[in-house]
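We have chain A; now place chain B onto it with these hints.
Protein sequence lines correspond, in order, to chains A and B.
The first sequence begins at 1 in our numbering and counts up one residue at a time.
The second sequence begins at 1 in our numbering and counts up one residue at a time.
I should point out that these hints are in silico values taken from the structure, not numbers from a laboratory.
One or more of the hints may lead you astray.
To be verified - Among the chain A residues that face chain B by a calculated CB cut under 10 Å, a handful are:
1. GLU32
2. GLN39
3. GLN43
4. VAL47
5. PHE79
6. GLY94
7. SER97
8. LEU142
9. SER144
10. MET148
11. SER155
12. GLU157
13. ILE163
Here the structure is a predicted model, which means the values were calculated and not measured.
Cβ coordinates follow ideal geometry from the N, Cα and C atoms, glycine included.
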Amino acid sequence: MSAIVPIPAPRVLYHNESTGREENPAEDQSLERTIAQIQQGRQERYVEVVRVYQQAMYRYCLRLLGHRQDAEDAVQDIFVKAFEAIPRYRYTTGFSSWLYAIAHRHCLNQLRNRNRQTRLLQRLFGSVPSAESPEQAMDSKLFSPPLMSAMAALSPEERSVIILRVFEERTYEELGAILGCKPEAAKKRFNRARMKVQRKWDKRREESGWNENDQSMHAKI
Amino acid sequence: MERERSIHACENIKAQGLSNDQIEPIDISEAVMRRIGERQTAGRFQGRAPHRWAFICAAIGLAVMLSTASVLAASEYLQLRNRDGEVKVRSEIADHPLLVVPQPEEENSPAPSYRDRVLAQIKPGQLLAYSIDNGNGTRSIQYVFDTRIESSYTDFAQLAAGKSAPAIPEPELPDGFAFDYGSVHPILPIADNDVTHAEYDRLLTLFEQRAESEPGKDLYVEEAHWTEANSSELEYSNRQATVRIQAIKDAIGMEALFPSNYSQQIHTIGGIEVILAQAEIQGFPNFAAIWYDEVSSTHYRVSASGSVELTAEAFNRIVASLVKLTASR
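If we strip away everything but chain A, and leave its shape as in the complex, we get (with noise of 0.2 Å):
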């Protein structure tokens, strides 16, 4: 009557010159064996989706969020509403995109959700000093000051589609599958807030001198 987890197989990753990224498809394959199993009932069997890409979700939900407890706390609400969803999962977007995409409207919806709440303080007791708005908030590790101050000059949704092209390295496919629309229109988004960046951090370059080759991040959190 009793069976045993199997031990996860091992990781094996290989570098695609193409794309530069380290991936393995014949990984992505196999999870979407173990999704097949879920959906099947073997719900026991989520465990491995979770320990495969809490990291990723993490990281993406860190960086939009820029609060390390938020994130956390979004990254279990991320996989909790995928379970709910995953019966409906249907084998057509690949796998983390589906999930980049639940993560994506929940980070956006935390977002606004806090700009509520700043506005409320705000009205309830006039200005409020002490309430950070997200951006300022936001963990000053994560970025450098330049990138921070551009990242704060866009929306939520400009943010996302920045980390997830640049950061988490999405091709225009799967960030389009993540938006919910066609590769070209998710490049078209990228190239609109990349270049809403690119001219913030010229803006700052003129104005204090910053050289960008000077700024790369050394810090472990």
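Positioned in the frame of chain A, the structure of chain B alone reads:
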């Protein structure tokens, strides 16, 4: 030109943020499973078998409690490097034990998934590609394959050689072990790969044409061409124990994560470093070994479980003979 500008801009932005490996890892898997279990027992989900969750949670809890006493060196990890100092194998002992969960006596019979439907039509030796509409005007491709050889080691070795799959020598096993199966894993056609993108593009075009000429179908299946495999697998068993050997070529690294029930150490066999891991789970010994052969750029993994008769010494002898045989090829 535009692509280069875009890549350069991405790199510039990336350099201004913490890299992925600078962000501390988290493990929220148990918290997530606990929350799901709580919601399930509270009737929040309308899953297929909600009653099963109570058993699963109880069993997980029990397994965690029982195995706490045998937790060995949580978060300990070992690495094997090549001559250039690059890490080729990283093997970690997790801080969570192997979960023991109840298995339902009989599975529900849900409607077959797309994968099941494709598997129903696959023939031996085939790699089948299948595609369904993503719903946003795009289309992605998934694969299933049947490369399982159940006749003999010789037939497996022939298949592996014909598909340039990594070679696994015939192992020297204790008496009573017999060949179960051997298989190879085809290199799957994907879009972002210099070698396979032509086949991927061909399949994508085929699927798009079929979607136009056969509207209303929810699933399209085509046979994919494949000439090479990047991993091989071989399994032997006696009445109680199973020994599985896997070989993977040209991977930049392998990351293994063993549950906390395991302990691991590095042994040197014939000049090659091998990670040997072992655990006793529910009274039965479980073993694993991982090594990297630099000459053939191949990672090997051997695992065995299921019988008290298979001792650590016997497993180590199997591994030692395989290490020597693979090194001499």
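Verification of the supplied hints:
no., hint, result
1, GLU32, "holds (7 Å)"
2, GLN39, "holds (7 Å)"
3, GLN43, "holds (7 Å)"
4, VAL47, "holds (5 Å)"
5, PHE79, "holds (4 Å)"
6, GLY94, "holds (7 Å)"
7, SER97, "holds (9 Å)"
8, LEU142, "holds (6 Å)"
9, SER144, "holds (4 Å)"
10, MET148, "holds (9 Å)"
11, SER155, "violated (17 Å)"
12, GLU157, "violated (17 Å)"
13, ILE163, "holds (9 Å)"
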